[in-house]
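Trainee: Line by line, the protein sequences give chains A and B.
Using this note's numbering, the first residue of the first sequence is number 11, and each one after it goes up by one.
Using this note's numbering, the first residue of the second sequence is number 165, and each one after it goes up by one.
No lab work stands behind these hints: they were computed from the structure.
Hints are not guaranteed to be accurate.
[What the hints assert, rightly or not] In silico SDA-like pairs for lysine to any residue, Cα to Cα no more than 20 angstroms straight-line:
1) A:LYS279 x A:LYS326
2) A:LYS102 x B:TRP343
3) A:LYS179 x B:ASP341
4) A:LYS48 x A:ARG89
5) A:LYS102 x B:THR330
6) A:LYS326 x A:LEU267
7) A:LYS102 x B:ASP341
8) A:LYS198 x A:HIS220
9) A:LYS102 x B:GLY329
Quick caveat: nothing in here was measured; it's all calculated off a predicted structure.
In case you want the letters, here they are:
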Amino acid sequence: MAFEAVSMQSRNVPVMIDIHSVSKSFVTRDADPVHALKDVNLEIYDNEFFTLLGPSGCGKTTLLRLIAGFEAPSSGAIRIAGNDVAALPPQKRPVNTVFQSYALFPHMSVAENVAFGLEMQNAPKALIDERVREALEMVRLEGFATRRPSQLSGGQQQRVAVARALAPKPSVLLLDEPLSALDLKLRKGMQSELKRLQRETGITFVLVTHDQEEALAMSDRIAVMRSGDVLQVGTPRDIYDNPQDRFVADFIGESNLLPGAALGRDPAKTIVVRPEHIVVSPVADGTKGHATGAVSAITFLGSDTLYEVVLEEGAKLHSRSRGGASLSTGDRVVVDWAHSVERELAN
Amino acid sequence: MNGAKPFDWRHTPGLSAYTALIFVFFYAPLLILVIYAFNSSRLVTVWSGFSFKWFVAVANNGAIRDAAFNSVIIAIVATIASTAIATAGALALERGRLRFGRGAATALIAMPLVVPEIVVAITTLIFFSGLGMHHGLINLMIAHTVFCIPFALLPIQARLRDMGGTLEEAGRDLYADEWRLFRRVTLPLLLPAISAGAIMAFVVSLDDFLISMMVSSAGSTTLPVYIYGMMRLGVTPEVNAISTILLAVSIVFVAAALLIGRRNKLA
Chain A
11 MAFEAVSMQS RNVPVMIDIH SVSKSFVTRD ADPVHALKDV NLEIYDNEFF TLLGPSGCGK
71 TTLLRLIAGF EAPSSGAIRI AGNDVAALPP QKRPVNTVFQ SYALFPHMSV AENVAFGLEM
131 QNAPKALIDE RVREALEMVR LEGFATRRPS QLSGGQQQRV AVARALAPKP SVLLLDEPLS
191 ALDLKLRKGM QSELKRLQRE TGITFVLVTH DQEEALAMSD RIAVMRSGDV LQVGTPRDIY
251 DNPQDRFVAD FIGESNLLPG AALGRDPAKT IVVRPEHIVV SPVADGTKGH ATGAVSAITF
311 LGSDTLYEVV LEEGAKLHSR SRGGASLSTG DRVVVDWAHS VERELAN
Chain B
165 MNGAKPFDWR HTPGLSAYTA LIFVFFYAPL LILVIYAFNS SRLVTVWSGF SFKWFVAVAN
225 NGAIRDAAFN SVIIAIVATI ASTAIATAGA LALERGRLRF GRGAATALIA MPLVVPEIVV
285 AITTLIFFSG LGMHHGLINL MIAHTVFCIP FALLPIQARL RDMGGTLEEA GRDLYADEWR
345 LFRRVTLPLL LPAISAGAIM AFVVSLDDFL ISMMVSSAGS TTLPVYIYGM MRLGVTPEVN
405 AISTILLAVS IVFVAAALLI GRRNKLA
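The whole structure should be built from the sequences, with the hints applied where relevant.
Mentor: Pasting the structure below:
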């Protein structure tokens, strides 16, 4: 269960960021204040790849900006490495940010960009040179030190932004949708790059994304957010297998949300089953299942086949099975799954 | 019409002739002025050969030299003062804590651009007399600084708005305090706009006639005011020569401002 995994970790690992009962409202000129965060509590551990996941407007970026110090919470407290940072401006926090737009300084070379943070900390010249070389090596841009950001591709600029934020060796690295501007192939590559960097540096990474696949692939733990609330916190496995909320079940991966009535059960409940857990077999085989229906569509997905089945009670579900199609549209089928893979949630 | 051809303004009959005519009205007087500056005759309307003699006469005319010197000194002081004030003002408007009223403040600052200049000139004169200020050049420098501010402010403010705040956030995130953030990030990024604003201020100050006319006193005459005085005694080719010089200086500065502005956009 999610709860056990979390409490087990908290016994051994020190907390790096403690977000305690934080709320944030924005005052606007004409409308009512916008409540971007509502009484959020989170503990992010040291040396963890933590992801804030949610649709746009869920408050994940606001939370990141509160940690960085660009905004102040309306109420509540934020502690970084045990220190209350309420009174600290961004330049006094041991936190660096990789911005969504990269925000590289256009009037400086790549090396000058990467050196900037250390220079502002008045680090000695020799140390700066060494760290800049190290950081550029880490992101595999050794030969690019003298280039201007405008002479680099999007993917390279992204890596400079990461190197610049890592060079001062912060306690926490914040990443604001860092991969959203890259094309699919680059994005996959950068996902494993970032994960590797987190392992190598041991720095706590906090990633903001709306891409659930990205979150599942990269994170040690994920917080799923919606309209200013944290709905569930847990490991990717945990959140995928045990969604505790209809929204989480629907947002993470693909889910069938079946009304209890459609399966002849408690109509006040929703049954959640992943498509890959559903077995579809012809009625003629005589197997017993949870319900019967008819295949209404078949989608070929390469290694898998996706069946859309309309149940007799009217509900629709998807089943994903390995290999090519053995059924055809209109076939009467029995749908079945193991009890252990379904989750029963309140409507 | 049978609707075969949709209306296309580019094929209006006589469009090219009309356009050419507009350019003739724009530039023919300037061209004639410049050509006759090189005329060897004393008569402004009769060409009698190429000569630099009116430029030599201008160079040897002590009164013109004094007026030109006044103009340049005033322009330099007004440029530096107005650009500094405009930069600070633009930063306050775009990055300050002001939550509302930015638009109104900007409009108030830009107002002198649309108020008739004669009104500004007269009120400036009355203002100085009311205060009992009769400091010649200093009065002119103050007046020029004031009316140059909006010209310098607008490009700087536009650049700050285009830049957005993210680069400065990145600077703060990387441990820069306010002063070093300004020196290392904001100012270098703003420099092209500040130069463009300064050049605009310089040209506007150098060319100003009405306000200078009202505010200047004996001994603090600026070049445009002096040229006007010369004209009342009759137009001589000397006026053509000095006007040509002013024109050339203005073109060089405005072209520089445009070039810097373009590089600014590309960066």
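Trainee: Now tell me if each hint is right for this structure.
Mentor: Each hint tested on the structure:
1. With a C-alpha separation of about 16 angstroms, the suggested pair LYS279 of chain A and LYS326 of chain A falls inside the 20 angstroms cut-off, and the hint holds.
2. For a cut-off of 20 angstroms, the pair hint linking LYS102 of chain A to TRP343 of chain B stands: about 15 angstroms separates their Cα positions.
3. Note on LYS179 of chain A and ASP341 of chain B: the hinted pairing holds, with a Cα-Cα distance of about 19 angstroms set against a maximum of 20 angstroms.
4. Distance check on the hinted pair: LYS48 of chain A and ARG89 of chain A sit about 18 angstroms apart at the alpha-carbon level, within 20 angstroms; holds.
5. The hinted pair formed by LYS102 of chain A and THR330 of chain B meets the criterion: a straight-line CA distance of about 18 angstroms does not exceed 20 angstroms.
6. Annotation: proposed proximity of LYS326 of chain A to LEU267 of chain A holds, straight-line Cα distance about 9 angstroms (limit 20 angstroms).
7. A threshold of 20 angstroms between alpha carbons decides the hint, and for LYS102 of chain A with ASP341 of chain B the separation of about 9 angstroms falls inside it, so the pair holds.
8. A distance of roughly 15 angstroms separates the Cα atoms of LYS198 of chain A and HIS220 of chain A; the hinted pair therefore holds under the 20 angstroms criterion.
9. Straight-line distance between C-alpha atoms of LYS102 of chain A and GLY329 of chain B comes to about 19 angstroms, which keeps the hinted pair within the 20 angstroms bound.
Hint compliance for this structure: every hint is met.
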